[in-house]
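Q: If you count by our numbering, then the sequence shown holds residues 8 to 452, one letter each, in order.
In case anyone wonders, no lab produced these hints; they're calculated from the structure.
A few of these clues could be false.
As a list, the in silico DSS-like pairs of lysine-lysine whose alpha-carbon atoms are at most 27 Å apart [claimed, not checked]:
1. K343 / K373
2. K193 / K124
3. K420 / K448
4. K235 / K267
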Amino acid sequence: MQSAEIIAIGTEILLGQITDTNSRFLSEELARLGINCFFHTTVGDNPDRIIASLKRAVCRSDIVITSGGLGPTADDLTMECIALAFGSELKMDEAVLAELKEFFAGRGYKMPPSNNKQAMRPVGANILPNPRGTAPGIIWQLDRAKLISAGLLSEPGQESGANFSAGTSTIITFPGVPHELRAMWKETVAGFLSEQVVGEIIYSVELKHIGIGESSLAEKYASLLEGKNPTVAPYAGRGECRLRVTAKASSREEAERLVKPVVNQILSESGSLCYGRDDDSLESVVGELLRRSKLTVALAESCTGGLVSTRLTDVPGSSDYIGLNLVTYSNEAKMKELQVPAAVLDDEGAVSEACARAMAQGVRRKTGADIGLSITGIAGPGGGSEEKPVGLVYLGIDSSQGTDTKELRLGSKSSRSEIRYRTANESLNLLRLYLLDRQEKRFEN
Numbered sequence: 008m009q010s011a012e013i014i015a016i017g018t019e020i021l022l023g024q025i026t027d028t029n030s031r032f033l034s035e036e037l038a039r040l041g042i043n044c045f046f047h048t049t050v051g052d053n054p055d056r057i058i059a060s061l062k063r064a065v066c067r068s069d070i071v072i073t074s075g076g077l078g079p080t081a082d083d084l085t086m087e088c089i090a091l092a093f094g095s096e097l098k099m100d101e102a103v104l105a106e107l108k109e110f111f112a113g114r115g116y117k118m119p120p121s122n123n124k125q126a127m128r129p130v131g132a133n134i135l136p137n138p139r140g141t142a143p144g145i146i147w148q149l150d151r152a153k154l155i156s157a158g159l160l161s162e163p164g165q166e167s168g169a170n171f172s173a174g175t176s177t178i179i180t181f182p183g184v185p186h187e188l189r190a191m192w193k194e195t196v197a198g199f200l201s202e203q204v205v206g207e208i209i210y211s212v213e214l215k216h217i218g219i220g221e222s223s224l225a226e227k228y229a230s231l232l233e234g235k236n237p238t239v240a241p242y243a244g245r246g247e248c249r250l251r252v253t254a255k256a257s258s259r260e261e262a263e264r265l266v267k268p269v270v271n272q273i274l275s276e277s278g279s280l281c282y283g284r285d286d287d288s289l290e291s292v293v294g295e296l297l298r299r300s301k302l303t304v305a306l307a308e309s310c311t312g313g314l315v316s317t318r319l320t321d322v323p324g325s326s327d328y329i330g331l332n333l334v335t336y337s338n339e340a341k342m343k344e345l346q347v348p349a350a351v352l353d354d355e356g357a358v359s360e361a362c363a364r365a366m367a368q369g370v371r372r373k374t375g376a377d378i379g380l381s382i383t384g385i386a387g388p389g390g391g392s393e394e395k396p397v398g399l400v401y402l403g404i405d406s407s408q409g410t411d412t413k414e415l416r417l418g419s420k421s422s423r424s425e426i427r428y429r430t431a432n433e434s435l436n437l438l439r440l441y442l443l444d445r446q447e448k449r450f451e452n
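Whole structure, please, built from the sequences with the hints as guidance.
A: Here it is in structure tokens:
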């Protein structure tokens, strides 16, 4: 079975200024192809250390993937370091240069001279197109034996973790921008690597749950967690958790066959606790339910400040079910835009069941949507009291079938961003459960 290694390049990662989400994505995608990833390395923008990391990786791994360092600035060193490490000169790729100039012209700009370096590649390497940006990568297959003979690589010893010196190692480079890397992977690299895979296939399905904690989910499926092939493993997330079902087999079809009955068992036993699988998000699942039901929703948000609206409208085609959402942060806005009675605000307060109910009714009345969803609470860090602590949130949902509310207590020690995020999750899940319930009643009738 082929092995892979990921090298994340950039001092900003080592300093903690950005989070390396690329390595996680690449590891998950490699696993889907049945390629073992044995090493992750993070290295700063230092030529000597980058070259040392590249040589070590090529000695011990069949596939070496780098992210970062392909930009136009002086500290973008990946391509130069690869050429130096493996004895190749950098040459201008005129076709790539023309594409770069066209990219800038299409946006009404003249390309800065510094971007010329992004068209340079080592002789012998193939260009990896970048459909989303100006930094193409390369795919370069290196003969380890030839590199050792040329004195560019040392014979790998036991301490390096390598078990071989013959054969090839393929270097694949990506820019550090996540959406560019993902597009390049999906459009080119996934297909290229799938043709190279020899041996066992690893196939996984991730089942996403909300409304149950990781420990409770693990207890519920304790017998499945003891399985060997397929394996079942729980993972915690922000306000949700997942069960990953993974099988190894000689073909994808056989791996899928092993996974299917376990997935079906979990789906049956979890019911509405499981909201989706793999790339599903709460907002995409809710959007599909709204579209299928031919229903519209309008939001009145207070403490989330438009976060739920943002997540819903991040889904392509959301104009099918969203027309107008409101952020009514102040009491005055709640009264003016949603007709929340002054008496409710005076007697119960903005953070109350009564206010959430009135907000949901008001936004549905104002917009003419089929469903009104409201959110009001205390995100902190200030504003809480003994009676109404930070993390107290009320949700409201209104439709022709009536109005319902839900109280959340998300913890006074949680951060403002965490309270807002978990509130958004709970709001989307409330809407999801309402739509599922409505769907079931329609089928019953």
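Q: Now tell me, hint by hint, if it's right for this structure.
A: Status of each hint after checking the structure:
1. K343 / K373: Cα-Cα ~11 Å, so holds.
2. K193 / K124: Status holds; Cα separation ~25 Å.
3. K420 / K448: 40 Å, violated
4. K235 / K267: 15 Å, holds
Checked against the numbered hints given earlier, this structure breaks only hint 3.
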